[in-house]
Amino acid sequence: MSGESKAIVAQGLSKRFQSFLAVDNLDLEIAKGEVVGFIGPNGAGKSTTLRMLCGLLRPSSGKAHVAGYDVEKDPEAVREHIGYMSQKFSLYNDLTVRENLRFFGGIYRVPKKEFAGRMNFAVSMAGLEGREDMLVHTLAGGWKQRLALGCAILHRPPILFLDEPTSGVEPEARRRFWDLIHDLASDGVTILVSTHYMDEAEYCNRIALINRGRLVAMGSPGELRLRDLGGKLVEIACSPLGAAVNALAGSVIEAAIFGDRLHAVLDPNGPDGEEIRKLLEEKGMNVGAIRMVSPSLEDVFVRLVSGGKEERVLS
Amino acid sequence: MAYKETLQIRRDPRSLAIALLMPLMQMLMLGYGVSLDIKHVPLCLYDQENSQNSRLLADDFVSSKWFSVSRVLTSEEGIRDAMDRGECVAALVIPSNFSRRLAMTKRASVQAIFDATDVNTTNIALGYAQGIMARTSTLPSTVDFEPGTWFNETLDSRNFIIPGVIAVILALVGAQLTSLTISREWERGTMEQLISTPISASEVLVGKLIPYVAIGFINAGFCLVSAVYWFGVPFRGSMGTLFVTTSLFIVVVLGIGYLISVRVRSQLGASQIALLVTMLPTTLLSGYTFPIDQMPQAIQAISLVVYPRYFVTILRAIFLKGSGLDDLWMPVSGLAIYAIVIVWLASTAFRKRLD
Ligand SMILES: Nc1ncnc2c1ncn2[C@@H]1O[C@H](COP(=O)(O)OP(=O)(O)O)[C@@H](O)[C@H]1O
Ligand SMILES: [Mg+2]
Numbered sequence: 017m018s019g020e021s022k023a024i025v026a027q028g029l030s031k032r033f034q035s036f037l038a039v040d041n042l043d044l045e046i047a048k049g050e051v052v053g054f055i056g057p058n059g060a061g062k063s064t065t066l067r068m069l070c071g072l073l074r075p076s077s078g079k080a081h082v083a084g085y086d087v088e089k090d091p092e093a094v095r096e097h098i099g100y101m102s103q104k105f106s107l108y109n110d111l112t113v114r115e116n117l118r119f120f121g122g123i124y125r126v127p128k129k130e131f132a133g134r135m136n137f138a139v140s141m142a143g144l145e146g147r148e149d150m151l152v153h154t155l156a157g158g159w160k161q162r163l164a165l166g167c168a169i170l171h172r173p174p175i176l177f178l179d180e181p182t183s184g185v186e187p188e189a190r191r192r193f194w195d196l197i198h199d200l201a202s203d204g205v206t207i208l209v210s211t212h213y214m215d216e217a218e219y220c221n222r223i224a225l226i227n228r229g230r231l232v233a234m235g236s237p238g239e240l241r242l243r244d245l246g247g248k249l250v251e252i253a254c255s256p257l258g259a260a261v262n263a264l265a266g267s268v269i270e271a272a273i274f275g276d277r278l279h280a281v282l283d284p285n286g287p288d289g290e291e292i293r294k295l296l297e298e299k300g301m302n303v304g305a306i307r308m309v310s311p312s313l314e315d316v317f318v319r320l321v322s323g324g325k326e327e328r329v330l331s
Numbered sequence: 030m031a032y033k034e035t036l037q038i039r040r041d042p043r044s045l046a047i048a049l050l051m052p053l054m055q056m057l058m059l060g061y062g063v064s065l066d067i068k069h070v071p072l073c074l075y076d077q078e079n080s081q082n083s084r085l086l087a088d089d090f091v092s093s094k095w096f097s098v099s100r101v102l103t104s105e106e107g108i109r110d111a112m113d114r115g116e117c118v119a120a121l122v123i124p125s126n127f128s129r130r131l132a133m134t135k136r137a138s139v140q141a142i143f144d145a146t147d148v149n150t151t152n153i154a155l156g157y158a159q160g161i162m163a164r165t166s167t168l169p170s171t172v173d174f175e176p177g178t179w180f181n182e183t184l185d186s187r188n189f190i191i192p193g194v195i196a197v198i199l200a201l202v203g204a205q206l207t208s209l210t211i212s213r214e215w216e217r218g219t220m221e222q223l224i225s226t227p228i229s230a231s232e233v234l235v236g237k238l239i240p241y242v243a244i245g246f247i248n249a250g251f252c253l254v255s256a257v258y259w260f261g262v263p264f265r266g267s268m269g270t271l272f273v274t275t276s277l278f279i280v281v282v283l284g285i286g287y288l289i290s291v292r293v294r295s296q297l298g299a300s301q302i303a304l305l306v307t308m309l310p311t312t313l314l315s316g317y318t319f320p321i322d323q324m325p326q327a328i329q330a331i332s333l334v335v336y337p338r339y340f341v342t343i344l345r346a347i348f349l350k351g352s353g354l355d356d357l358w359m360p361v362s363g364l365a366i367y368a369i370v371i372v373w374l375a376s377t378a379f380r381k382r383l384d
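Note that the protein sequences, when read in sequence, are chains A and B.
Under our numbering, the letters of the first sequence match residues 17 to 331, in that order.
Under our numbering, the letters of the second sequence match residues 30 to 384, in that order.
If you're looking for bench data, these hints aren't it; they were derived computationally from the structure.
Mixed in with the good hints there might be a few duds.
Pairs of lysine-lysine, DSS-like flavour, derived with a Cα cap of 27 Å [said to hold, decoys possible]:
| hint | chain 1 | residue 1 | chain 2 | residue 2 |
| --- | --- | --- | --- | --- |
| 1 | B | Lys381 | A | Lys22 |
| 2 | B | Lys33 | A | Lys79 |
| 3 | A | Lys79 | A | Lys48 |
| 4 | B | Lys33 | A | Lys128 |
Values in this document were obtained by computation on a predicted structure and should not be read as measured data.
Pulled out of the complex, with its shape left as it was, chain B reads as follows:
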């Protein structure tokens, strides 16, 4: 079964290409988010040094169309006040030893503080700031950029978003692909033949899913590589932990796609339902863009049953905190329970009957 399925997937290179390229495209799209439209992010300047060098740096921000300086501050507390009042989303703090360090070590750092309440904007603003810092040529030496958040300190803009994006992509693509496997056989009329044979329901399940598990891992690999090498998200955890948790997640999404496919006998219907049950909960409730702890209580409760939420949490912790399985036992067991239930449902769902 698995061999035949693999052959069929290979015979259809267009679908295979889509299956493998779609994640990359989505990664780029979702990774950059809606950023292209946002300009003039309000910025507060707190120039502790007020030297020629520091003003040169500040000018880079002032003259860019990405930021507009809404206030010039004179104290640390001013930043909090300004953010509280919504006067700025980001603040650039140039330390008082900026020029001295530049002169001494040819290396200095500035700090950026973001109001992370609006994760999206924060993410974008961080990207802009990094861009400006990277291009800044007016200064003689390297200026390191230390992004830090002020509010919602757990949020770390792009680093925070990207692991979520990986979860979203795996969920979408995985469920989409498998949602077609059974319904395709119904549509082509091969299913009636198949169920007249002594094949068992679990043979069908395993045979159908093995090739897609492989595709799922390839996709996960693509996502990981582009997250680390393209988006520059730090990867602090272990590959082992990532592998175990990703396997669980892939089993869950493929299982859901399979369940849908068993129930819905048309390919179109199956893929639409798959989109509905993966897209909505994943994008809205997984916490990948909208932080869960800021949602209303009722919705927070709902999000507990949204499987991608666990994986988003896990991925973030692995990427950013380097957590191992022992730190993550809660979401991992959540995911594991999901996987068990889904596999159980899927292994009993396939009925060898027409009615």
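This is chain A alone, in the form it adopts within the complex:
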């Protein structure tokens, strides 16, 4: 049996929708108790991968084992060992908090005598004490999300798949949600969580960066930050930003909008900071300060994603 000590193993996992390759030859190894962030832009193939790992979609090729069980041959065994929060909000809106929990407790076959305790745990985890009899559609987004997580862990699964659990939730609620994820991880739960918020990458033990169905990089946030961008990174205050990105194309290794600034990776053999200023001013743009910055994870992602180059997974 593969993956005795590994919670999740995927080898050459691919999914093809008609002619479209949504997930391309993905290799993944996740140890027990890890929190792994699955990060990539919309349409990168995050959901598709998670669905294959839950046994909801059949891989077109490749293999995956979750909790030691083959997702294609033994999806039922996989389902007994996982909790899954799908991307689309997945509770019953017309039922109350308590009724949703009771329903999921029932289908997860939570033993009767343990049920009350687990339900209390889920309710307090979601911060829903006193709201047990409210209809779910009257709850705010953050609460719904935490309740959905509560439902997904009623049966104490050793592995959790969370598909963009924090999308559309206000920042404060997002932080609370990540606290919950870490609490679960400290109890030994393995968690694979997808997100398109780059800033959430910092919360993960490791990050798998996926773009156009391919795993572009994998490693801890620290490791990824050390990635060589190929040149010095400068932050340029200028306007208009969009036109500046176009103007720099060809002169620098990489230029991307970063909030209200521009981040550019300078080509060691190309123009330096002052030459860039001239180049932009010649095109009639307002240029403010240009200063060197140390790369953030986001810079690395931008570089990896737009570079389109396939890079080796960090060891």
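Start from chain A and add chain B with the ligands according to the hints.
Frame of chain A, contents of chain B with the ligands only:
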């Protein structure tokens, strides 16, 4: 599962009201059929007595706008001839002892004979005739009305139609309701969550159907009560037989709705397909209005696989003939085979996969 489903049904009182009221409305609509438009049903009069009383009674028919007297006959054979030639659809026979019985017992009867070839018209004409007889005030005493059919003697107009209507309603409503149960979960996005759990396909099937079986029985009860107390259809059979056969039928229709729901992921699509597969065969081929033995051979053969046909036959026999399960073993086993096949298909249809 069943508990959750019941809660959800209760949380949606509008749909529940529709589910329970729709059958009643359909019962009234279908029960009365298209009758409101038909007037001047051609009637032959055969007044064997030709007394003042009998003419008074005949006048009630003559003066009503529902009937127009096309011929006055002088012999029993004349009725058959006139009907054969299509000159009348109904014939009123007033017996020669009409006045004498009225005088002696304050009670007399007349006979109405219908050409039941056109079941619809016959049904309507019977309703009119009963209406006229009920209102007739020109006669001093009660006149019983003995409807009898001449052709297609198994057909008995409204009594014949109503049990069929019950089958049609149960089929339509049942399949409609369940066709939504699974597709609703797909549309709301809860299905993806559901299939990621260890729930089994049969748990889903049973959980989804139990509440609807209950609704199906409530509907069947409504239909039965309105058939007997509103439409006055005699109920001669046993409740036990009715219960067993109705259960089978409900299982079949709900199972079909469920199968559709599993296959079609949009609610709209599912309910339309459900309408198509229940409405057409049920109304056209079940024999509820169009007698099966008058259909072309090929269509008769097709109607053998139309499940409501068995139930229509069964209901008619239970209502009108008081048949028990032993008399009905043929259609009942037809229905039972259907139920088994459908349940088998339904229990394997649910796939816990997105592709
Ligand atoms: N059932 C499907 N049929 C066809 N294409 C699909 C299907 N599901 C997803 N895709 C496509 O696969 C790509 C990856 O989708 P997805 O895994 O949902 O991305 P992500 O979750 O990273 O945003 C998208 O381009 C999407 O359009
Ligand atoms: Mg997604």
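So, going through the hints one by one against the coordinates:
1. Lys381/B x Lys22/A: Given pair Lys381/B, Lys22/A holds - Cα atoms ~25 Å apart, limit 27 Å.
2. Lys33/B x Lys79/A: 36 Å, violated
3. Lys79/A x Lys48/A: 19 Å, holds
4. Lys33/B x Lys128/A: 17 Å, holds
The structure shown violates just one earlier hint, number 2.
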